[in-house]
Structure formats: structure tokens, C-alpha cells
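Here the protein sequences come in this chain order: G and R. One gets my numbering by counting positions in the first sequence from 1 and adding 2 to each. One gets my numbering by counting positions in the second sequence from 1 and adding 3 to each.
Read the hints as simulated data drawn from the structure, not as lab findings. It should be emphasised that the depicted structure is a prediction, and the values quoted were computed from it without experimental measurement. Even glycine gets a Cβ: it sits at the ideal position worked out from N, Cα and C. Hints should not be assumed to be uniformly reliable.
Said to hold, decoys possible - Derived lysine-lysine pairs resembling BS3-like cross-links, with alpha carbons at most 30 angstroms apart:
| hint | chain 1 | residue 1 | chain 2 | residue 2 |
| --- | --- | --- | --- | --- |
| 1 | R | Lys88 | R | Lys64 |
| 2 | R | Lys88 | R | Lys136 |
| 3 | R | Lys70 | R | Lys136 |
| 4 | R | Lys70 | G | Lys193 |
| 5 | G | Lys193 | R | Lys79 |
| 6 | R | Lys70 | G | Lys75 |
| 7 | G | Lys73 | R | Lys136 |
| 8 | R | Lys64 | G | Lys75 |
| 9 | R | Lys136 | R | Lys79 |
| 10 | R | Lys79 | G | Lys114 |
| 11 | G | Lys114 | R | Lys88 |
| 12 | G | Lys73 | R | Lys64 |
| 13 | R | Lys64 | R | Lys136 |
| 14 | R | Lys64 | G | Lys114 |
| 15 | R | Lys70 | R | Lys88 |
As the list claims (entries may be wrong) - One side of the interface only, derived from the structure: several residues of chain R facing chain G at Cβ under 8 angstroms:
| hint | residue |
| --- | --- |
| 16 | Val37 |
| 17 | Gly55 |
| 18 | Val56 |
| 19 | Ser59 |
| 20 | Leu67 |
| 21 | Tyr73 |
| 22 | Thr87 |
| 23 | Asn90 |
| 24 | Asn103 |
| 25 | Gln114 |
| 26 | Val151 |
| 27 | Leu153 |
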Amino acid sequence: MMAIHAIFMLFALLPQQLGSPKAPPRIFQSSPLHWTAPPATLHMNFLKASAQLRFFYEDGRFVSLGAELEKRKGAVNAIILLTEGFAMRFGTWQKQGTGFSSHSIYGYLPVKVNPEPGPVDESYASRVDLFTSSRLLAKEAREGKLVLVPAAHTTNLEDVRRSIEADICSVVQLSPSSDSAWSAFCAQQAKANPSKP
Amino acid sequence: MEQLGAATGTLTLYDQDTRVVDSTAFSGGPNSPVHSNPIPNGNYTMRLDIRGVLDSSAGLKPDLTPKPFYGVQDIKNFTEEFDTKFNNTWEWGNVRIALNSASDDPEARGQYLHGKERPGDYTHGCISERSEKLLNYLHSLPASTGAVPLQVQ
Chain G
3 MMAIHAIFML FALLPQQLGS PKAPPRIFQS SPLHWTAPPA TLHMNFLKAS AQLRFFYEDG
63 RFVSLGAELE KRKGAVNAII LLTEGFAMRF GTWQKQGTGF SSHSIYGYLP VKVNPEPGPV
123 DESYASRVDL FTSSRLLAKE AREGKLVLVP AAHTTNLEDV RRSIEADICS VVQLSPSSDS
183 AWSAFCAQQA KANPSKP
Chain R
4 MEQLGAATGT LTLYDQDTRV VDSTAFSGGP NSPVHSNPIP NGNYTMRLDI RGVLDSSAGL
64 KPDLTPKPFY GVQDIKNFTE EFDTKFNNTW EWGNVRIALN SASDDPEARG QYLHGKERPG
124 DYTHGCISER SEKLLNYLHS LPASTGAVPL QVQ
């Protein structure tokens, strides 16, 4: 057998710390998750599941994130793997009757699609206020067949939120006609951190 | 390149102690639109005995992201219903090879070595080799080669 190995030598710059928003959003994720194991020959003790996450901010901003979750076999806590590739939409949400609705555009896709996917309007059935409900009540939130529950047991949500917000502000910066709620947030971020990208 | 902050470096493939292929690559990009860190230093494993092709939407998740893969995957562009064109090589190039890691560091997991057509030398943490020189060499090796370790330093 050939003994082959590869070395990748890195010359890295230190990453810059990005600013934090004024209030954390309520974050929901799809349920149930279908955990799958990698091929047995890899002898890896990890499971992965595709998840849909929704971020609802008190100021009306909204994020949809499709990403891979990963956890060790038998563990409860999982992490979001943005490195696997993810789909991200951003926009706004509002109350609508007894539920609420969201309007969002794609901010990132790891595949170039032509024609480009248009805005996505979603409606959610819920009789409760997103920001005052208990976890159990929030389980009523639905988007079509997608059942959303409060995201718990995901340990890197805060890092992911910061990363996604920075991505969105990059998109907003390039496209001045983008959503006004996000434009206001990103302008505030830029003002608070003038030297940051 | 420096403007986007991606880590740049040399990919070197050895067969025993003989240098077989050298190629340039980049990873991450803290000053790029995606504000990502480069792949963490450490040991990764490329499995040449696991082969596959992404050539239809069956290889994509409903949110249009490619499904996780653990070996060497050919990346194809394709057209599906309603004349929707999926240009997968734009971000991934023609080949992607999973960099399997046993590390608990989230940034070390779910990484790939892949090509890229999109302008702008940055990734979400993966290692990208635009020339695909090393990727093609690894792709040409028989599946029986099995596991090839990759050391990032």
C-alpha cells in the first residue's frame, strides 16, 4: 500500500471580532431531527442531521438557516456545522392574525442557481407571543409541515448568530435596496464598530 | 488575497518521503463577506475508498445545499425541472474531498478540500485549491489507496 500523506501549511491572519446585537433573537429549529451516522469504515463517533433554523428578532428582523447539525453518539448537545455548507435567507417577520409571517430573500447558497430563487414568504401558526411563550407553547409554531421547537441543546448558537449577522451585513452593504430593518441594524453595527468589516 | 484575510499556503503531497505534488491553496477569510476563520491546524483524513458523484438534485438537501459526503466526490452542474440550472462547481470546483476529523472543534468538522470557480479567494473554512492539481492527482489514485492523512500546520 502506498504511504501517502499531504501537508497544508497555513499562513493565517488573526480573525477580527465582530460586534454583538442589542437583543438576542428567539431561535427555533425543525423537529424531529433525523440523525445519520457516517460510513462505518470511518470509525467516527458522530451523527449528523439536517436542520432548519429560524431566528426571530424583537425588532422584526428574521433569518432562516438551513444547516447541518452534528453530535457525538449518545450525546444530547449538538453543534451547527456552517462548514458543511448552508442556505441562509434574511428579511422580516410580523404578527398576522393568530400567527405570524415572514418575508425573506436568499443571502447565501453554496450552489449557484439560475434563475436565482426569489423571495420566500412563510406563514406560521401559533397562538402565542414568540417572546413571552414558554417552550411548550412554542411547539405549536408550524411552517407548512415543518414543526419548529425552541432551539435547545445546540451549543454554538451564539457564534453562529454572530457569523450569520456579519454575513447579512456584507450582503446589505453590497445591495442598498435590501431590507430596511437589516439596513438599520447593519448601519448601527458599522457605527459601533467603524473599523470592522 | 490579504485584503480578504484568507490563510494561504502550499499543499504538498508526499509518497513515502518523495514530494509528488505541490500546489497553492487558501482557507477562510476573516475580512471576506463570510468572515470565516481558516481551517484549524490538526490532522485530517481523506478517504479515497469512498467515491461518489453529485450530479442531480438527489445529492442536494431541500434547502439546496449539498448533502454531507465523506470521501471523494465528483461535482457536476446539472439542469432540472423548470429549466433550473444548478451550478455546483461555482463554489466547489470539479472535485471535493472530505477532510474527516476526530477533533471536537466545530471549525475542524465538516471541512473539505475542493476547487472553486467563484472569484474571491475565501471559503467558509474549507481548503480551496483553484488549480485542482492535487485534487486531480488524488482523484486519479485507485480507491484501494484507502486513507490519506492530511496535516494542517
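Exercise for the section: If any of the earlier hints don't hold here, list their numbers in rising order. Expected result: Violated hints: 4, 5, 7, 17, 18, 19; rest satisfied.
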